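One line per chain: the protein sequences are D and L, in this order.
Quick note: the first sequence, position 54, residue 54 per the numbering used here, numbers continuous.
Converting from the second sequence to the numbering used here requires adding 1000 to each position, the first position being numbered 1.
Don't take each hint at face value.
[Stated by the list, open to error] Far from chain D, some chain L residues (derived; all Cβ distances over 12 Å):
(1) Gln-1047
(2) Asp-1183
(3) Pro-1244
[Said to hold, decoys possible] Listed below are the simulated EDC-like cross-link pairs for lysine to aspartate or glutamate, each with C-alpha atoms no more than 20 Å apart in a straight line:
(4) L:Lys-1036 / D:Glu-137
(5) D:Lys-36 / L:Glu-1137
(6) L:Lys-1296 / L:Asp-1173
(7) D:Lys-233 / L:Glu-1202
(8) D:Lys-36 / L:Glu-1021
Don't read these hints as lab results, they were simulated from the structure.
Since the structure is predicted, the reported quantities are computational estimates derived from the model, not experimental observations.
We treat Cβ as the ideally placed atom computed from N, Cα and C, and that holds for glycine.
Protein chains: 2
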Amino acid sequence: MKPNEFGFIGQLAEFVSQTPESLSLQDDGAIISATKNRLVVVKDLVQAGVHTLKSDSLCDIVRKAILVNLSDLAAMGARPKFILLGLCLGKNVDPEQLTSVAETIRVECEEYSIALIGGDTVIGLGPTTVSVTAIGELASNPILRSGAKTGDDVWVTGDIGDAALGLRLLQSDADSHEFSCLDAGLRSTITEKYYSPSPRVELGMNLPSIANSLIDISDGLFADARHIASTSKVSLQLDLSAVPLSLAFVQWSNHVDNFDLMLRVLGGGDDYELLFTAPIQHRQQIQNMGAKLSVKTSKIGTVIAGNKVVVTNGKTTINTASTGFTHF
Amino acid sequence: MKPNEFGFIGQLAEFVSQTPESLSLQDDGAIISATKNRLVVVKDLVQAGVHTLKSDSLCDIVRKAILVNLSDLAAMGARPKFILLGLCLGKNVDPEQLTSVAETIRVECEEYSIALIGGDTVIGLGPTTVSVTAIGELASNPILRSGAKTGDDVWVTGDIGDAALGLRLLQSDADSHEFSCLDAGLRSTITEKYYSPSPRVELGMNLPSIANSLIDISDGLFADARHIASTSKVSLQLDLSAVPLSLAFVQWSNHVDNFDLMLRVLGGGDDYELLFTAPIQHRQQIQNMGAKLSVKTSKIGTVIAGNKVVVTNGKTTINTASTGFTHF
């Protein structure tokens, strides 16, 4: 059986039949109604072997491509509405897989109340490459990376470092001593975080009246903090001991007892947590909001004058310049 | 010198500095103002070696990716406004090339009065893959593939088959007998059409009050006619002798004297001309509009009851089922 674009599109068309914007995926484009709110458009691509493991399944790659784009919308404080999916498949794609991919897309669309409205599917010559365009709506002003103010608190959601640790586990030998300290449950926490990050969409949508600057952590905690610092023209002073860690990360970190390695994994990226700065008078409101949405929020530092990221560990200043994902 | 995403983005950021929507490419997404018109969003990806020759330059591939997406907007009758560019570069990309790519993007944006507002650039593991998202505005109702009515004339813009013939020339030996009939000028007409199609944006924007159905010819004249036929639930009866051909195509066709080959190249795709159907009372208006915009418009057939494409050559019916680009 030869995979067939129109068969796959037919499967997708079935579940988009309630979405007039998609034109049932039968036309050259999608049509979005006039809007009274501003729209946010994000577009990130994911390639197997670059942003994921080569061995990751097609569904895992497509899911991740969708989630990282929703995280970008969360990082602007936008409500996700639509996605378009550009799918460049490997040559030997199994048509059975395409049925699962269609189901994966349907599930994620349902989970985040978004609609697939268009895209393109081709069989390519290289590894699977997924380009997602996500469109969201802004109920109020966006929160940019550039808005951090001296005196702001620096906050993060969730736990940091788990996705990079999960990736490290997936790349290690099955009987690796490094991970012998983690039981099956903890192992699955960190690999799950790598495969299926939780874009902080609801929390992001609540931040416009609270936060001065906002980014999602894709390149890594310290690298993305540098993005806020450079666009806002401030310094972010981060307290390493305040960075929230999962039980899995703490156990692993104690077990390997290697500070440099710990720091590299902590700043390894792929967290898709939100990093934001907010005036100190919003502390209680942020904690209440996190509690209401069941998202951990942690104050990890302060915005000060300057143009860099300063990470302190007790009285020591830590160099984090070499951590984080570089795109080139 | 290592290519650097932020250097490349810096070059792009320079010429988008007049585009507030882009946020200077410094944030997680782009922001589009509230609109009173509907928006059209299209997303097509182009991979080196699949949609272009492996040997095509990075600039040629990026340019083509932009142009084919503008053609999709034209095929909805929309005015192009914005593009987002997802660029997955090959491992050995030369940083010098990126400067030319930035210039190529700037030139095409200027040519079509559009603005780059976002995207993503990564070094990947496979061939160059470019995913463009283009956003346009609809001044009135869109024209869909599904609107063809029995009795409509069938029209195309420009000349058909040149891009596929240009590709064939580029794939042939330099001293190929097949192309000995074409002088340098004619050769360059057809290769130019392959490398740099002319999306019929202005004409497309004028069609909403005239045409009942509209598509751009990417897969091939007959294949795309089938898309109109199937979504409109009609038949398109096309007269082969009315299909507009360039001098280069005619000379080559006479020289090779091979009807099946001619038909395959004619329906080979990549034309990025518009194929549309319109009531017969608009004939004069269509011709006037074409003359005003310096775009050739040719009536090549009629919409009749049925559900297929019927191509006649004099009294003979031609089978075109095997022509055209298939995505899988």
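If any of the earlier hints don't hold here, list their numbers in rising order. 1, 6, 7
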